[in-house]
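Colleague: Sequence:
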Amino acid sequence: MLKHIKMGLLNDYYGGLLTDYQQKVVRGYYDNDMSLNEIALELSVSRQAVFDTLKRAEEKLINFEAKLGLVRKISSLSSAIEQEMAAADDNSKKLLGKILEQIKEI
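Those letters in the sequence shown? Residues 99 to 204, per the working numbering, in order.
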């Protein structure tokens, strides 16, 4: 389950850097919870082709995160803001809350 969450998050950030075909496979598998066979039928390819594409796309997403670190950086920044909100006064909490929402929209 943890891998599904991680890959879904990486796909949210870096999925646009994958080919259209890779995006369809990753979205089908992680976002739509489809089996490899279901994806293969939908795309009119073999199950093995879907499996190979999924593995290559996963590797690319992991490499993008290793090089760019957007997920790690945004998670760290969000945590820091949440800690500051715990100690802030009401006006500051509102401002920090707005900033946190903007960060999460990225």
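Keep in mind the hints are simulated off the structure, nothing from the lab.
Beta carbons: idealized from backbone N, C-alpha and C, even for Gly.
Honestly, I wouldn't trust all of these hints.
Stated by the list, open to error - Computed cross-link-like contacts, SDA-like style, restricted to lysine to any residue with a CA-CA straight-line distance of at most 20 Å:
| hint | residue 1 | residue 2 |
| --- | --- | --- |
| 1 | Lys-171 | Asp-187 |
| 2 | Lys-158 | Lys-192 |
| 3 | Lys-202 | Gln-181 |
| 4 | Lys-153 | Lys-171 |
| 5 | Lys-101 | Gln-181 |
Said to hold, decoys possible - Distance ranges between label pairs, derived from CB positions:
| hint | residue 1 | residue 2 | range |
| --- | --- | --- | --- |
| 6 | Lys-192 | Leu-141 | 45 to 53 Å |
| 7 | Leu-193 | Arg-154 | 16 to 24 Å |
| 8 | Leu-141 | Ala-184 | 22 to 30 Å |
| 9 | Gly-195 | Leu-141 | 37 to 45 Å |
| 10 | Arg-145 | Ala-184 | 47 to 55 Å |
| 11 | Lys-165 | Gly-195 | 50 to 58 Å |
| 12 | Ser-133 | Gly-195 | 22 to 30 Å |
| 13 | Ser-174 | Asp-118 | 14 to 22 Å |
| 14 | Ile-201 | Gly-114 | 17 to 25 Å |
| 15 | Ile-160 | Asn-130 | 19 to 27 Å |
| 16 | Arg-145 | Ser-177 | 37 to 45 Å |
| 17 | Leu-139 | Asp-187 | 31 to 39 Å |
Colleague: Each hint should be assessed against the structure and marked as holding or not.
Modeller: Hints, verified against the model:
1. For the hint pairing Lys-171 with Asp-187, the CA-to-CA distance comes to about 26 Å; that exceeds 20 Å, so the pair is violated.
2. Distance hint between Lys-158 and Lys-192 is unfulfilled; the C-alpha atoms sit about 38 Å from each other, more than 20 Å.
3. Straight-line distance between C-alpha atoms of Lys-202 and Gln-181 comes to about 16 Å, which keeps the hinted pair within the 20 Å bound.
4. Of the supplied pair hints, the one linking Lys-153 and Lys-171 is violated, its CA atoms being roughly 25 Å apart against a limit of 20 Å.
5. Annotation: proposed proximity of Lys-101 to Gln-181 is violated, straight-line Cα distance about 27 Å (limit 20 Å).
6. Range check, Lys-192 to Leu-141: about 47 Å between beta-carbon atoms, so the 45 to 53 Å window is met.
7. A hinted range of 16 to 24 Å for the beta carbons of Leu-193 and Arg-154 is inconsistent with their spacing of about 43 Å.
8. The supplied range of 22 to 30 Å is broken by Leu-141 and Ala-184, whose beta-carbon atoms lie about 47 Å from each other.
9. Hint check: Gly-195 to Leu-141, Cβ distance near 42 Å, so the stated range 37 to 45 Å holds.
10. Hint check: Arg-145 to Ala-184, Cβ distance near 49 Å, so the stated range 47 to 55 Å holds.
11. Remark: the range hint 50 to 58 Å for Lys-165 to Gly-195 is contradicted by a beta-carbon distance near 31 Å.
12. For the pair Ser-133 and Gly-195, the supplied restraint of 22 to 30 Å is violated, since their beta-carbon distance comes to about 40 Å.
13. Distance hint for Ser-174 and Asp-118: a CB-CB separation of about 32 Å, inconsistent with the stated range 14 to 22 Å.
14. For the pair Ile-201 and Gly-114, the beta carbons lie near 19 Å from each other, so the given range of 17 to 25 Å is met.
15. Distance hint for Ile-160 and Asn-130: a CB-CB separation of about 21 Å, consistent with the stated range 19 to 27 Å.
16. A hinted range of 37 to 45 Å holds for the C-beta pair Arg-145 and Ser-177, which are about 40 Å apart.
17. Separation of Leu-139 from Asp-187 is about 57 Å and departs from the stated range, judged on CB atoms against 31 to 39 Å.
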